[in-house]
Amino acid sequence: MATLPDAVAVDRPLPGRPPRWGWRVVAAKEFGDGILSVRLFILILVLGLPAILAIHSTAAFVGNNAQSLTGVPGLFVAMFAHQDPNSQVPSFVEMVALLGPLLGIAFGFDAINGERSDRTLPRLIAQPIHRDAVIIGKFVSGLALMGLVLGSVTLLASGIAFVSLGVTVGPDEVARLAAWFVVAVAYLGFWLAFAMLCSVVVRRAATSALAAIALWIVLTLFAALLVGIVANFLSPVPATATTDQQIANAELSAQLQRVSPGTLYAEASQYLLDPTVQSVDIATLVAQESNSRAFPTSVLGLDQSLLLAWPQVVALIALSVGCFGLAYVSFMRQEVRA
Amino acid sequence: MARKRARVGRAGTSGDAGKDVAIQTHRLTKAYGELVAVDNLNLTVRAGEVFGLLGPNGAGKTTTILMLLGLSEPTSGRAEVVGFDPTREPLEVKRRVGYLPDDVGFYGGLSGRQNLRYTAALNGIGRTAADERIGELLEQVGLAKSADRPVEEYSRGMRQRLGLADALVKDPSIVILDEPTASIDPAGVTDVLGIIEGLARDHGVTVLLSSHLLHQVHQICDRVAIFNRGRILAQGKMADLAESLAGDQLELEVGLDGPADQVEAALRSVTGVVKVSRDPHDAHLWRVTGPQSIRNHIASDLAARGMGVRQLRRVGDELDEIYLRYFERDEGGRGNAA
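Chains F and P supply the protein sequences, listed in that same order. Position 232, counted from 1, in the first sequence is what the working numbering calls 232; the numbers after and before it change by one each time, with no gaps. Position 193, counted from 1, in the second sequence is what the working numbering calls 193; the numbers after and before it change by one each time, with no gaps.
No lab work stands behind these hints, which were simulated from the structure alone. For each residue, glycine too, the CB sits at the ideal point set by N, CA and C. Mixed in with the good hints there might be a few duds.
Rough simulated footprint, nothing fancy, chain F against chain P, three-plus residues with beta-carbon under 8 Å [claimed, not checked]:
#1 69-75
#2 116-127
#3 143-150
#4 167-174
Make the full structure from the sequences, and use the hints.
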């Protein structure tokens, strides 16, 4: 054998530069997987059918009461926020509040533990990307996929609303719907982040899904009950309670409910989709009710509605980011072989 | 040729981080609480050689590999891979090192080719260059025909070969293979070993492989380190290890027919024999220990007594015995210390 002095180089030229934003590569791959998945198709149906039922029910009500409703400001967006008062079918916004968490859970519950059980995680993080690229990429692609599902369902619902109203819709209303869409995605983002947190902490995908679903059910079904008990304990309402005491109790429970992302989303949606809503605060509403003359119904601009909704929007985004932060930190601290 | 050079390189004093050192560790230690998985490991792998890290399951091989890749942080000590510290510059290391994890996994829904494309993208290799390289690699590992079938239809051996191709996508200077032959059938083992050998010989790639199956990998290893409980028991060429273990004592396995007491007396009478014992499983097999010279005496002395030797074998020659004796020695050392 002839000697080849330089055949063995310790280092050799590299075929590529590692991507500067590794999460984009991860997100692109995850999005590509997701867009063709059965999962996406099922979710479009699960969210789409009830949401269309909701908008259809409201549209029918508007159609039947066309005369009395003519001239109501922001009727188009109000159709998303309000249900037919004579029907059991919740509004479009409520449907999203109820079923939205399912989207987040479906796209997040197996994000990390799925890579573990497929044994692809060691191979993935042995590539020249930072470790956080994996979790960021998956979160971003999850948001994009949820945005896609929610966006297509919202557009379809808008179409139905258009047809039943038969009037043109102003740019203000389109902007309101767009703002609502951003808030709704933030709400779904909370659930995505929470499901991803479960997928980091819990080894088995099935258990992780169960944990996420448990929180969903607790917050949806029992939150009001629990909040009521806590509020009655902290701010009791005796049989001889004054109006002030009752209001204090109601305000406390409203504050406590705002711990739930669902409440924040619902309140922000009311502000954004109904230009006549000026407050969701109990005391103000009570006062408004008793001196309706002192508070003539006025129509707010989008900027004013946004200002009103701002605390809820910020709190909602903070919850989502905080939850994602937890998932991020616990993922970064985990051993590869854990 | 590459291997030739590696052997020449070994003449240099150990510890000089010369140009031809691919991997070097200095007192590398990883402890999980009380458990010390890797204990003050000093290891040098030269460029272009095939280095085997041999030891039973749980010896600390995978932990060592993860530290070399920067996927796990050492508790103390340091490592240098292609001139980079994996803890400080993991991306530079991961650009240059291909990794085949133990029990490698792929995205089952994607084809073999798509899985490799993802790896190429994570390494920042452009689409056309990547497709060309992936095509060549799939050809090289014999998967060209199945490249576009989903990986979930692949057999274990096919996955392992795909894993090798995956580790090579980035055109690495070093490949680290964790248990490359475990859990595949004998034909698959031959294929995989052939590919690995070709890498070092034809492409000048440095190979570090770990295995608990000594007899499978010893033919392709230039040097090995025998590893148990986080420590290296012996390091060097296979033949040298066998030699050093035996020392001046030789143990022979002798097959002899005849009454046990007569045979034993005859064996004891052989010039130089110090110990005779009967094989616990086979009544006609005896173990004889003595200096190297007994090999020459045994047949002639027995023939003089009219006894025909049916079988004569040096015990230390069997690889697995070398291996086991190192571990026995290790156990013994621990026992005395305790």
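Determine which of the earlier numbered hints do not hold for this structure and return their numbers in increasing order. 3
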